[in-house]
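Please take these sequences and the hints and turn them into a complete structure.
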Amino acid sequence: MKYIDLHCDTAYRMLNENLELKDSICKVTLDKLKKGEAFSQIFAFFIDLEEIKRSPFEEFHKMYNNFMKEINKNKDKIEVIKDTKRLDSIENDSKIGAILSIEEGEVLEGDINNVSKVSDLGIKIITLTWNYENTIGYPNYNFKFKDKGLKDKGIEIVKEMEKYNIIPDASHLSDGGFYDLLRICKKPFIATHSNAREIKNHPRNLTDDMIKKLSEKGGVMGLNFCSDFVGESKITKIDDLVKHATHIKNVGGIDVLSLGSDFDGIENEVEIKDTSEMNKLYYALKKERFTDDEIEKVFYKNIIRVLKECNKE
1 MKYIDLHCDT
11 AYRMLNENLE
21 LKDSICKVTL
31 DKLKKGEAFS
41 QIFAFFIDLE
51 EIKRSPFEEF
61 HKMYNNFMKE
71 INKNKDKIEV
81 IKDTKRLDSI
91 ENDSKIGAIL
101 SIEEGEVLEG
111 DINNVSKVSD
121 LGIKIITLTW
131 NYENTIGYPN
141 YNFKFKDKGL
151 KDKGIEIVKE
161 MEKYNIIPDA
171 SHLSDGGFYD
181 LLRICKKPFI
191 ATHSNAREIK
201 NHPRNLTDDM
211 IKKLSEKGGV
221 MGLNFCSDFV
231 GESKITKIDD
241 LVKHATHIKN
251 VGGIDVLSLG
261 SDFDGIENEV
271 EIKDTSEMNK
281 LYYALKKERF
291 TDDEIEKVFY
301 KNIIRVLKEC
311 NKE
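With this note's numbering, letter number 226 in the sequence shown gets 226, and the count goes up by one each step, no holes.
Since the hints were derived computationally from the structure, they do not count as laboratory data. A hint or two may mislead.
As the list claims (entries may be wrong) - The list that follows gives simulated cross-link-like pairs (lysine-lysine, DSS-like), each with its CA atoms no further than 30 Å apart:
1. Lys308 <-> Lys151
2. Lys186 <-> Lys312
3. Lys200 <-> Lys151
4. Lys153 <-> Lys187
5. Lys35 <-> Lys301
6. Lys53 <-> Lys153
7. Lys280 <-> Lys75
8. Lys186 <-> Lys213
9. Lys85 <-> Lys212
10. Lys287 <-> Lys243
11. Lys85 <-> Lys22
What the hints assert, rightly or not - Now the in silico label distances, taken between C-beta atoms and shown as ranges:
12. Lys35 <-> Gly176: 40 to 46 Å
13. Leu182 <-> Asp76: 40 to 46 Å
14. Tyr132 <-> Glu20: 29 to 35 Å
15. Leu49 <-> Glu288: 38 to 44 Å
16. Asn131 <-> Glu20: 26 to 32 Å
17. Arg289 <-> Asp111: 48 to 54 Å
Built from N, CA and C at the ideal position, the CB exists for glycine as well.
Structural data, given as structure tokens:
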């Protein structure tokens with residue numbers, strides 16, 4: 001079944017390990033996406049603030065330019081989706097869609113003018129924080145800032161993002177920041193790669209109340225394949241992913257659930273070894289009595305709905 005994965009860190013690896021998009025050791029490559037029948041892939045430009053030697057905005061541009069070089073080399077097979085209406089026709093051209101996101105809101109450097117600049121480059125989603133406090137807000141890393149909300153500058157930036165149809169991503173964000181998004185966002189927001197905290201008590205996962213409220217907001221959350229967020233095994237088991245999927249469906253309804261593998265950003269092995277094997281999850285969900293209509297929503301229809309809703313003027 002075709003799918004859209006909400007989060008991978010492949011662009012980061014491509015830059016830092018000098019890897020190609022078409023075929024490499026990455027879990028997400030063009031060849032693997034094609035083999036796995038991917039409809040589109042959301043590629044995150046991940047910036048580690050403690051690792052970089054230049055400004056976050058400059059580092060983003062370096063990663064973006066490297067990625068676009070690879071897109072242009074393979075433009076007969078993959079295309080950056082800048083207008084979500086293109087999702088209705090890209091399959092007709094036998095292409096895979098590439099949807100672009102930023103993972104670390106400090107790329108904007110607290111400058112509201114940078115929102116329009118990244119929008120012009122095709123950015124559709126921004127993960128507001130990673131594991132560090134920034135000018136937007138606080139991470140949920142180790143629950144250290146659990147109850148802290150968005151900063152005043154963060155609220156200003158989120159409102160500007162909505163003007164430019166950029167979706168706020170609450171994965172990594174503090175619980176307090178999540179509830180601020182519920183309060184200030186006029187459109188749906190998402191959690192691209194987070195699981196259910198009731199199943200695995202980890203700060204990166206969402207509580208049942210968050211899942212319900214995200215669903216009521218019209219947003220989605222992507223099922224994360226990182227073992228720390230899934231179960232007790234060091235290798236992520238498909239059965240454990242199904243447990244999270246079933247719980248999220250039961251709590252928030254099928255319309256809140258999507259896929260957010262975090263491939264090329266996670267270090268552990270997964271029974272779904274790379275993006276070419278996403279159908280293993282399809283068959284596991286079928287075994288758990290998810291209907292084909294429900295799995296279609298999880299695999300691609302839910303996120304397409306959100307992308308189109310958030311791009312309405």
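Hints broken by the structure, by number, lowest first? none
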